[in-house]
Amino acid sequence: MAIIEIDGNHYEAPEGQSLLSVCLSFGLNLPYFCWHPAMGSVGACRQCAIIQYHNAEDKKGRLVMACMTPVADAMRISIDDNQARRFRRENIELLMINHPHDCPVCEEGGECHLQDMTVMSGHTVRRYRGQKRTHANQYLGPFINHEMNRCIACYRCVRFYDDYAGGKDLQVFGMHNNVYFGRFDEGALENEFSGNLVEVCPTGVFTDRTFSARYARKWDLQTAPSICIHCGLGCNTAPGERYGQLRRIVNRYNGDVNGYFLCDRGRFGYDFVNSSERIRKPLLDNRTEITQQAAEQHFRTLFQTAKGVIGIGSPRASLEANFALRALVGEENFFPGFNDTEQTLLSTIFTLLRNGGIHTPSLREVEQADAVLILGEDVTHSAPRLALSLRQSARNAAFELARRMKILPWQDAAVRELKTQTQSPVFIASARATRLDDIATNIFHGSPEDIARLGFVIAHCLDNQAPAPESMSDAEKALATTIAAELKQAKCPLVVSGTSCSSLAVIQAAYNIAKALPSKDKQLTFAVPECNSLGLAIMRGGRLQQAFERINEGLADSVIILENDLYRRAPSQKVDLFLNSAAHVVVIDSLENETAKHAELLLPAATFAESEGTLVNNEVRAQRYFPVYAATEPVHGSWQWLTGAMENPEWHHHDGLTAACADAFPDLAAIEQVAPGADYRFKGSKIPRQPDRYSGRTAMFANINVREPPPPQDLETPFSFSMEGVTAQVPPALLPVIRAPGWNSNQAINQFEEGVEGHLRGGDAGIRLIEASGTLPWFNDIPPAFKAEQGQWRIVLLPHIFGSEELSLHSPPIAERQPGHYALLNPLDAQALGAKNGDQMEISDSTEAPVITLPVQIEKTLPRGLLGLTGVLPKNLQMNNSDHVTLKKVAEETENHPEIYL
Amino acid sequence: MEKMDKPLTKNIRPDLAFATVADYESTGGYQGLRKAIRELQPKEVQQWVKDSGLRGRGGAGFSTGLKWSLVPMSDSANDSPHPNRYVIVNADEMEPGTFKDRLLMEKDPHQLIEGIILTAYAIQAGAAYIFLRGEYHLAAQRLDNALLEAQSKGYLGEHILNSEFNLKIYLHTSAGRYICGEETALINALEGKRANPRAKPPHPVVSGLWGKPTVVNNVETLCNVPHILNYGVQWFKELALGADTGTKLFGASGRVKRPGLWELPMGIPIREIIEEHAGGMQDGYKLRGFLPGGASTDFLLPEHLDVAADFEAVAQAGSRLGTGTMVILDDQTCPVQMVLNLEEFFAQESCGWCTPCRDGLPWTVTLLRDIINGRGRIEDLDILAGLVRMMGPGNTFCALAPGAMEPLQSALKYFREDFERYMVGNKLLEAD
Amino acid sequence: MKEPSEKPKFEGLSTEEIQEINAEIAHYEDKSAVSIEALKIVQKHRGWVSDDCLIAAAGILDMSPAQLEAVATFYNLIYRQPVGKTVIHYCNSVTCWMLGAEKVREHLCRELNVKLGEMSEDGAYTLLPIVCLGACDHAPVLMVGDELRLDVTEDTVSEILGR
Ligand SMILES: Cc1cc2nc3c(=O)[nH]c(=O)nc-3n(C[C@H](O)[C@H](O)[C@H](O)COP(=O)(O)O)c2cc1C
Ligand code: SF4
Ligand code: FES
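Chains as they are written, first to last, in the working numbering: chain A, 1 to 902; chain B, 1 to 432; chain C, 1 to 163.
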């Protein structure tokens, strides 16, 4: 630690840090543009100018850029010095020369870093009298607006998009004062993290297109801390509502999980909440709308008359909702609602995470890995935000080289300019090309068996105790040796796997490798499909097939299905049989789906935005989300429908339910501490969801009724639906809106962290439930090598960020970006079938019955004998990884769209 | 036969279109290289050049030998597949008023090539690039030929002069933009990127081209090196008149009788250059001032004519020696319009990376245009002075903008009445 | 933004162009370093760099079109619009300006019937400004194609244009 003097005050700061970042974490107001906590310094905007004095006597000092100046002991600087202030004021004046001053119509207004910095720097009078330079804008797809005239050329967009996220289609063109940030031609931004441009851009060039369509100022949005429900990583979000409509999602900082960035699925997938397909009224027999009372009555009666009730829970519903269902139907009648294969995989994963003795990293820890092996995942599509972290981990070798050359890690350009090739090893084994291939040292393409086999060989190379396949090809061996050697050298190697291949062997191989690694700081992580996959794995319960048997065999006659479309979990014939065999089917869900159509009683469930609950992410971190706004009656949180049918009054409140759940499962014991309960008060009030400038509350509904309606009461959480209350002392992890005096944009987060890019003061949101201990024996069930069989193909389902997840697909901008339906074939297979790109291919199941026809796409990275399927499979059509199918090219005249035979 | 007092230009003779390898060898060419490779260790070559007092001729005047000595030499072998260190010749000459490097390359390309080989030897670089501005087609042609000649003579390539030293020299022709002359922008340009400058530290001698230690030197700087090795440090020092060493190409353009370029001792009085070599002002014109070393240097006045043309003396007088090629301002050219022309150049050539330069220079241009077109206001001069202050040394990302401010700053100081004259006209107009 | 079908179909870069680009790759540590050279090679063969050519060149260098365009639009000697058979650059920097560059430019504009930056109607010439050509002792200066023309007068201009 160094002692530095800033304007006469002494501070302790880490030596070698950039001065700007330490000034910001001391809460000092120093404006900046080009610097970003996650992206470091480049010194381009010249806004962070301060005076640095030579020594104690020096009166004059010299102007330096704080972001480019490392902290050194006994350093003396001034932010307040007149010369520095004048420079900063005049620098903004220059930035504003061509700015359109269109704040009233700009979506950034009120949370604009440029506004904040302009006010902070004191530039108020415009002296420039010339013309402004103007630019044309581009269409950038359904997510992002482009308004180039607002650009102040801080270069942050391209630094994020290109350098940080690996995008290639957003660049800077031109030079001098005519620099243009855009695409080569109009079209959707290709990178999966494009949405972060909205927050990275300090002004209104890149704004959220989904938000503009129903815009409100930041201070007019009602917000609550939330958790993304669109994959298993649990990124922290801050959704905003107005007039009962969810209007956008922005990032909510979590130093362990998502940091400053979200993926586009998480940011733009929210619109299903506003969908016309929402179930908004209780429905009887898929026809008759009934009242809430009638629905509750019906529900209770069903229990009294039923001859055995089973409950099928859901990995996309909260712990509390699932627990309520489990309590209602009884432990032995509860099924977590996984697809059967997935259940095997997830319970294995949980066992590994719990008893495998290998640390599973947070995303922040992932970024520290210095060698990575990805076994069987296209991470960008299965756990998107993880891919962004893996991309950063590849840079560790460059940081290491920089360290040796005495270049500080935050000197972003200098580190990137070091030998371009310097990169930590990343190895990828997958069915075909992935979105991280550009950072891969070596790539292997194979069937799940072959991926698993490669994994077993690697483990064996690392530790000859680990079982190896009886035979292996020289190529396999050579590759495995290379990978093993790199992993062995690494200080902090990381093995990434997951459920995408539906292969237990792949997961077991991943464990063997991690177990075989010599490093103390080795890590193992798994991508899991849903926001509460691991929570439900902890809860356990029977398999779906067993649930089906209960009903089909008459052991029970009624089923309650919680937020789960069973047609996505099991073959449709089986689900049909099951639902038709049940005498009574109750479905609680938020969106219409195939299963809901079969409900005798359909109960409208609140979404994540209107309800509360606890989720467990892929690193077994429990996190709580809170309703952003009150559900409109008769929509209720699923847990409320379920507890409504119970006797125990303690469980009629969410906190009670959480506590009971924590009691019931030792592994979940800590979930009570994830967030304060409904009794939380500071100075007598709860945490307000509305910013203190929230406007129009008294007038919002005046067109309907001039009497101001009383704000809804929130009896379940520490938050109120109101603007009253003090937020100054609220732990940052619980703050709905991040804002500090003078800092209205999300950049205000600097004021809430323990050191820039650090953890939130008072701790990041969420609690890690378990830390791996013990060790497990080697797995030795090694599958035989995959051999393509004449005339048969094996299905590989290819996940997609904008297609694989159920709810986000109901968000129109996401649906617009979903991939097309294709049958991917190796070029040689295609040749053998006489097919070229675009030809129609009829796919038939093992009984030779045709199931679907899809256009062929030739994919040279896909191994022979595999059939890759992209896009969202039609409802009703269940195809699983590793199903065998046969193929037949369809005669030319067939129409050019997928045809389903079911 | 050797013009010992004009080592750089001795082969530039009316009887020669340009010096072939034979011409060059006949006046002592490649002798310095022979000597160095046979007798001197790389570190010793560095030391010779340091001792010679040679300072960079690209404008900044940094000690050449000192620069080389900052290159980390620890991992000496140029192990495959890529060299461990690089030499780059800055042949991007684009500073308005500067026309010296073109001549050296067109007329005596081997002199530069020998300089490059020696530099590469001194820092044990495995490859060198000549970064040549794209418009210099003739120079490109002659360098290309000369490189082939040197190669066939064993001065270049593998085992140079039967030693263990290997070197490849590549000619890279650029695609325009003044900023490419800035050494770190040049490195980006050579890497095929946009030519924004890089932050220093790290300096290129530590982390330059592809992150390797890289020495960047001006053409004229490197042309001196063979002679230093051939004739010795002492000889080189004695060439000069004042504190600096060696000779320098000095030039003058504008309304002088004989615009041109001359190799003269460092430290020669400026008066001698303008009045004797350039023949003084054209008839009917008087000397109003001059930019001593290209567009990015402060104006000096006739009262400064007796200043010695070396780095220290010109700095003392309030300007910079820069490239040593002077632009003469006569009494019938409006200094305000001349400054406008210069600022238009700099605004256009700003790379667009840092705020003050990108947005401040265009504003400077707007203000000057307004003034000249009678729309100026007296407070505009304060704004201009403010812009000069803002874009001062250290405030912008690279030296382009501070350079751009030098002629403006000195014009505001020396020619203020010329600015104000436009305002007076303006006021009268308004009074109408 | 693409023109309708009248435009001849782009057949890809010529073998010669591709060979020249590939030859340059050997001179650098990585492929993308050849970006500027690649554009110049295309330009040498075709006079300018069309979108199609740029996309094709980007493909050879493992760059995205946007990445190559970012480079192309930085440098003033890369033409992303068609230019005349011969490009006439007139130096507009300080000494030439002082010694009559404007007159030369006006004369050229008149003779070619173009504005600065435009191509003459017959496609023979494009007139562009350029910064100091390093021949200030012979101002004003032109660069006609690859050739430097010194001490330019109205007569020289007429001689150059063959009129
Ligand atoms: C905007 C700008 C343009 C420059 N242009 C040139 C140039 O064209 N040629 C050159 O040799 N140096 C130029 N320099 C100086 C170089 O950055 C660098 O100092 C020089 O090449 C070092 O060589 P030397 O030490 O041999 O002079 C320029 C500097 C700046 C800031
Ligand atoms: S001063 Fe700034 S904008 Fe100007 S050329 Fe240098 S880096 Fe670029
Ligand atoms: S934040 Fe320091 S220069 Fe931009």
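FYI, nobody ran anything at the bench for these hints, they're computed from the structure. Just so you know, not all the hints are guaranteed correct.
[Unchecked claim] As a list, the in silico SDA-like pairs of lysine to any residue whose alpha-carbon atoms are at most 25 Å apart:
(1) C/Lys-31 <-> B/His-82
(2) B/Lys-200 <-> C/Ser-32
(3) A/Lys-683 <-> A/Met-700
Okay, the hints, checked on the actual structure:
{"no.": "1", "hint": "C/Lys-31 <-> B/His-82", "in the structure": "13 Å, holds"}
{"no.": "2", "hint": "B/Lys-200 <-> C/Ser-32", "in the structure": "24 Å, holds"}
{"no.": "3", "hint": "A/Lys-683 <-> A/Met-700", "in the structure": "28 Å, violated"}
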